[in-house]
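Just so you know, the sequences run in chain order A and B. Sequential numbering from 1 applies to the first sequence in the working numbering. Sequential numbering from 1001 applies to the second sequence in the working numbering.
In short, the hints are calculated from the structure, not lab data. No incorrect hints appear here.
Here are the simulated SDA-like cross-link-like pairs (lysine to any residue), alpha carbons at most 20 angstroms apart as the crow flies:
| hint | chain 1 | residue 1 | chain 2 | residue 2 |
| --- | --- | --- | --- | --- |
| 1 | B | Lys1208 | A | Ala15 |
| 2 | B | Lys1208 | A | Met33 |
| 3 | B | Lys1208 | A | Pro59 |
| 4 | B | Lys1208 | A | Thr68 |
| 5 | B | Lys1208 | A | Ala36 |
| 6 | A | Lys133 | A | Val101 |
| 7 | B | Lys1208 | B | Glu1172 |
| 8 | B | Lys1208 | A | Arg35 |
| 9 | A | Lys133 | A | Asp100 |
| 10 | B | Lys1208 | A | Leu13 |
| 11 | B | Lys1208 | B | Ala1187 |
| 12 | A | Lys133 | A | Val77 |
| 13 | A | Lys133 | A | Arg95 |
| 14 | B | Lys1208 | A | Thr14 |
| 15 | B | Lys1208 | A | Ala182 |
| 16 | B | Lys1208 | A | Pro34 |
| 17 | B | Lys1208 | A | Asp67 |
| 18 | B | Lys1208 | A | Gly60 |
| 19 | B | Lys1208 | A | Asp39 |
| 20 | A | Lys133 | A | Asp91 |
| 21 | B | Lys1208 | A | Arg63 |
| 22 | A | Lys133 | A | Gly157 |
| 23 | B | Lys1208 | B | Ala1220 |
| 24 | B | Lys1208 | B | Trp1185 |
| 25 | B | Lys1208 | A | Pro40 |
| 26 | A | Lys133 | A | Asp97 |
Now the in silico label distances, taken between C-beta atoms and shown as ranges:
| hint | chain 1 | residue 1 | chain 2 | residue 2 | range |
| --- | --- | --- | --- | --- | --- |
| 27 | A | Pro134 | B | Asp1204 | 36 to 46 angstroms |
| 28 | B | Trp1132 | A | Arg175 | 14 to 24 angstroms |
| 29 | A | Leu177 | B | Tyr1151 | 25 to 35 angstroms |
| 30 | A | Ala253 | B | Arg1099 | 50 to 60 angstroms |
| 31 | B | Trp1132 | A | Leu177 | 26 to 36 angstroms |
| 32 | B | Gly1159 | A | Arg20 | 41 to 51 angstroms |
| 33 | B | Thr1010 | A | Arg250 | 18 to 28 angstroms |
| 34 | A | Arg250 | B | Glu1144 | 44 to 54 angstroms |
Output of the computed footprint for chain B on chain A, the stretches with three or more beta carbons under 8 angstroms from beta carbons of chain B:
| hint | region |
| --- | --- |
| 35 | 14-21 |
| 36 | 29-42 |
| 37 | 47-56 |
| 38 | 239-252 |
From a predicted model like this one, the values you see are computed outputs, not experimental measurements. The beta carbon of each residue, even a glycine, is placed where N, CA and C say it ideally should be.
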Amino acid sequence: MRLLNASGCLDALTALEVARSLDVFVTKTVTPMPRAGNDPVRIAEVDGGMLNAIGLANPGIERFCGDTLARLAGLEVWVSVGGFSVQDYADLAARLDGEDVAAIELNLSCPNVDEVPESVGEVVAAARAVTEKPLYAKLSPAVPDVAETARAAEAAGADGLSLVNTIRGLALDERTLRPVLARGPGGLSGPALRPVALAAVHACRRATALPIVGMGGVATGRHVLELLAAGANDVALGTILFSDPAAPGRIRAELEAELAAHGFADADNAVGAAHEADLPTLHQRSRVRVEKHLHTGLNVAG
Amino acid sequence: MLTRAAHSVTGTEAVGPYTLLRIQRGDLDPGLPGQFFMLEAPGRLLPRPMSLCLATESELAFLIDPIGPGTRALCSLELGDRLAILGPLGNGFRLDVERPLLVGGGIGIAPLPYLSERLDNPPAVLGFRTSWHAEAAALVPNAEVVLEPIYVTEVMPAGHDVLACGPAPMLEAIRALTPHAQLAWEAPMACGYGACWGCVVRIDGELKRLCVEGPVLDAAA
Ligand SMILES: Cc1cc2nc3c(=O)[nH]c(=O)nc-3n(C[C@H](O)[C@H](O)[C@H](O)COP(=O)(O)OP(=O)(O)OC[C@H]3O[C@@H](n4cnc5c(N)ncnc54)[C@H](O)[C@@H]3O)c2cc1C
Ligand SMILES: Cc1cc2nc3c(=O)[nH]c(=O)nc-3n(C[C@H](O)[C@H](O)[C@H](O)COP(=O)(O)O)c2cc1C
Ligand code: FES
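All chains should be built: construct the whole structure from the sequences, respecting the hints.
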């Protein structure tokens, strides 16, 4: 079990010590061109979580590769990428293929971008065609059947799944009753997302053999244990890092205690504990093409 | 370093509509005036950014305006309650100024008592909505106080190095008058250390993170 940060929830350049306390540093989503992101207000606390509409602010892939990446030396880096067409994802994956990055996470689910929806299967296949790097498909739980999307990603050659991205929410100002965020809606993260993440991980674990990075509302070692039990192999921390940059160390210690209390020798032994013994075997990817095109919108909340 | 630790409340006092929250200092570094701390707000998901108002050997104090759920939770803390504090964060005021003049508006006076102490009590001009709010002026030595409809920009003496904190329209007005002023801005913040990109403001024509670049910025930026 590895502990990662969730994309967009940590900048290793302003908090290197926090990045070092994780096994993997995942970048904020990088797009083909630089993006300034949305106008403020971009964040709001709500009951059970927070909304964000950052708008994928990032320097663009060229400046990222030319400048940012060199400054991340020494970290195990996964690069999250997001585009607005199948070709965008293929270009991004091809550009990163020769770089010193451990994996590419395809952000197929940003709720804060309005651009044209694309098919998960097509995007994954296009990226697969141009890179040998491990490809993680980051999916939205806001679809009728996330397991179906997961199967499409697997069939198209994904190496893993990142579950879940935020879901759309709206906050209204106490006095004016106008949306708090300049963009209107935003992506809901934090405690309220945790049962949604558990359900998505649980369903995808039954539907595919792909390794899963589970995330959504994780704040304690107990929460990590539950995601592992639902079927995650690795776990990412997002919103909790905002209030507690020391969360990785604390959560690891809490997890050790939880594992011991439940009689697991280590974290990997807890994976899938919520399921009966009839799960698909890990790493045996089916290469069957899924004909049906599954649609997703790049989540520009992030 | 990003050290966050729990500290005890050593006292609270009402100052006009505001609450002065005193915290046991422990090994907290007070930092520079204008830097801020992320204070755990009981029952809330996210901490709230607060400027340091006063520092003594044994205590740090924050002046808080209860305008919403987070600040109301902080104002209802009681003696002995514990809260997690992260900081000091961001960039404070540059103290290498020749003729300092402190300018504050409303709750924006929060960082001025500590700033005043560090600059040997320079003159200050403070503006408030009502005389009740103006009770907080007692925390700042050498202060001239104006009440609305008079604005601080109408009484600011010329020829000073202005260090200011207050509502955005006040800071904009000061910026227009004195391009060399140092201004402490606010933005909603989730993390305070550059992780969320939530706190952006327009700096030099670009959206930049206030918690990283500020909160104190040169007026010309
Ligand atoms: C660097 C910094 C230092 C600060 N120092 C102090 C201080 O010393 N004392 C103090 O009382 N407050 C200070 N603030 C402001 C304080 O952090 C906010 O008032 C607080 O976060 C609001 O939280 P809430 O849950 O009470 O209200 P919310 O529900 O978050 O907000 C209530 C209303 O205020 C608006 N609002 C929220 N946050 C801000 C903001 N940061 N700027 C402008 N409008 C906002 C909201 O849009 C809403 O209308 C500081 C802010 C920053 C960024
Ligand atoms: C401020 C913020 C920015 C985010 N930016 C991105 C992003 O750029 N790309 C992405 O794939 N997910 C992004 N996310 C989603 C997170 O990676 C994660 O999927 C989600 O927040 C759920 O985890 P959490 O509840 O632990 O925060 C962002 C989330 C937040 C709160
Ligand atoms: S408050 Fe999170 S980046 Fe500034």
